[in-house]
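S.K.: Chains A and B are the protein sequences, given in the same order. Numbering follows the numbering used here, in which position 50 of the first sequence is assigned residue number 50; successive positions increment by one, without gaps. Counting from 1 along the second sequence, just add 147 to a position and that's the residue number in the numbering used here.
Partner residues are not named here, just some residues of chain B that face chain A (Cβ under 10 Å, in silico):
1. N281
2. V517
3. Q552
4. S553
5. L704
6. M708
These aren't lab readings, by the way, just hints derived from the structure by calculation. Everything numeric in this text was worked out from a predicted model, so none of it was measured. Quick reminder that beta carbons are idealized off the backbone N, C-alpha and C, glycines included.
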Amino acid sequence: MPSYVNPDKCDGCKAQDKTACQYICPNDLMVLDKATNKAYNRDVSMCWECYNCVKICPTQAVEVRGYADFVPMGASATPMRSTDSILWTVTFRNGMIKRFKFPIRTTAEGTAVPDGGFPTDDDLSSPALFTEPASLGLPAVFSLRSQ
Amino acid sequence: MANFETVVVETDLLILGGGMAACGAAVEAAYWAKKNGLKVTLVDKAAVDRSGAVAMGLSAINQYVGLRDGANTVKDYVDYVRNDLMGITREDLVANIARHVDSTVHLFEQWGLPIWKDENGAYVHEGRWQLMINGESYKVVVAEAAKNGLLQDGVGQIFERVFIVGPLLDGDRCAGAVGFSVRDETFYVFKAKATLVAMGGAVHVFKPRSSGEGMGRAWYPPWNSGSSAYFTLKAGAEMTCQEVRFIPVRFKDAYGPVGAWFLLFKSRATNSQGGNYMVERKSELEKWVPYGRVKPIPANLRNYLGMLDTMEGKGPIYMRTEEAIQAIADNFKDDPKAYKKKMKELESEAWEDFLDMTISQAILWAASNVQPEERSSEIAAAEPYFIGSHSGASGAWVSGPEDLQSEATKSEYFWGYANMSTVTGLFCAGDASGASSHKFSSGSHAEGRIAAKAAIKYIVENNTLPSIAAETMERLKAEILRPLDTYEQNHRATTDPDVNPNYMKPKMFMFRLQKIMDEYAGGITAQFTTNKALLERALELLAFLKEDSEKLAAANLHELMRCWENVHRMWQAEAHVRTVLFREETRWPGYYFRADKPSLDDENWHVFANCKYDPNTNSWQMMAKPVQHIFEQELAGAKA
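Excised from the complex, chain A in its bound form (with noise of 0.2 Å):
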């Protein structure tokens, strides 16, 4: 069922009209149930195992285990995600379990500028994208014009 639902953990985001894992889901597979206010995934065959649900549950009510057709029982794959880095936990079929954890981003969250610091370009007519020729770190961009 690539994606799952514990239902003790998962809140329905407290029944705000959307959840997370619905918010996030790319191919648009995590809803709500109404009924019971707890999330599920209603077409586990179009799911890629991406983790975004996993990854955004504010409650990590959300899991995966990984596709029934093909992969052994028993494994998992379980990330902490935090502002800068993310930690995941692998634990095999065999009980072994190995903990990695990886950056994830250099800046704050939010800070992003589109130009990246790097000076404009005014001309609309020239091959120069906005940043460039600066953000190319070269006097001009190549054009076989100018050669």
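Let chain A serve as the given structure and place chain B on it in line with the hints.
M.R.: Chain B in isolation, oriented as in the chain A frame:
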């Protein structure tokens, strides 16, 4: 008819899609739109933070030319792409992306994407063109810059969870798009002076290897449903390279990436007898000269040599991970402490490669108790996909930039605005534009920027809002919502909502399409082999399917999206079959094999195979277009 509210949105530039190309388009368009007092509207069927092919993340940036360090030239990249695509590529388009892509990568770094650096502060390369990254949040960072650009000072607006069905036309000009919300009952009409299509490639046109839950684990994401191809075809745009499907060789079943293993860790792949097909089948490459002699060996030929092993019963094919890691660690064997540290580092790098972009593969390793430093893992050819990047090439035929044309190319490849299709006001980028392969995530973003700047220029120079008749909008609304009506009118006729003599649900429709393509158009069960008679039979069966598409039924908004996604896939399929039929040779044997035309015919077919659908006459036109060069042609190693 289903009672949906109609919302009409008027804008200057309409960006369709939310992936890498669309985010590149948004950040570039925002700058030029603000300067010129224009409005930009972006429409995504998902949430921009995590939509498109980079939704999960990536472990590498596959296109970085290294111009500022003098590592490579624009021409080097063009030579690489042309050779890999067996001679068929638009040099002007590839050069245009290559001259801008480094700029985009430098922006990614400023925005917050961690790019690996060595002790001297230089980027760590996976291969000649590839950079290693910590890319879990790659898409989040890129989307953030796009949103920060678009949402400043009222320059633009973003619609999420709105599914675009098709184009809005004003005579021969693209006038915007129509679609619907998958969250509430709203029909959207977007009227625009220019439209930029960046809605990805197509997955699940062919039957995938997995049959159950694992169907979703395609190599390219399942939400890439052919919307770019449908949109451009239905607008009447000329299409190119519709035969050039892409089949990646990846770790078997979960489709984890192999790039780091082949390029960074220098791993070999061997068959069950320990043989290396790249060595043992070297002579086969001579059948595909001059491309069989170029370095690196074209991706499809590498695929083909492995496929020959599989077809001869020499599988499984294993990536020799344990051997590769051991070889690297052996450099430290005289220093036990350094050796242990290196092994730990390699283990972490190997796992991050999967955890950043194909978590399923990490689960599969853990579920099979695989530690890559101890045991090999199987690799295999995936199912065929449609993609404008990597070694695929399908997409719309677009104008190149004026300043990257030669005498030979300018009359064929340039018609006014970079990345504009043959339909006025319709621009394409990423998987939507063809014959410009190997653009990957970074090049797609750069191409989105190129197309957006050109589209803003087009609007400034052609500043008129198209006119759309009210009855046209009503007709499109009725057609788009018809699956809901079909369901509502017929579902009480049986006790099972999925089985009904009057309609068909989108999932079975998709299975029918996949079976046709798999068996007749060279899918996995046909071992990627087809011929004229099989392709003609495919067209007969596709014609029945197209008729039955009018009987698609949807019980809710989600299914309505699935209905149209599968119609989009069907059009991509038809363009593919017609073009494979048109090209009477086999040029990319690792992608498909025309058994009736089993060899390369450079004399007659060293051309682009283009096609065009005419919406007025409901007919297809097939065209051969010349391959011309902007740089002097070189085939590395072609002279034996």
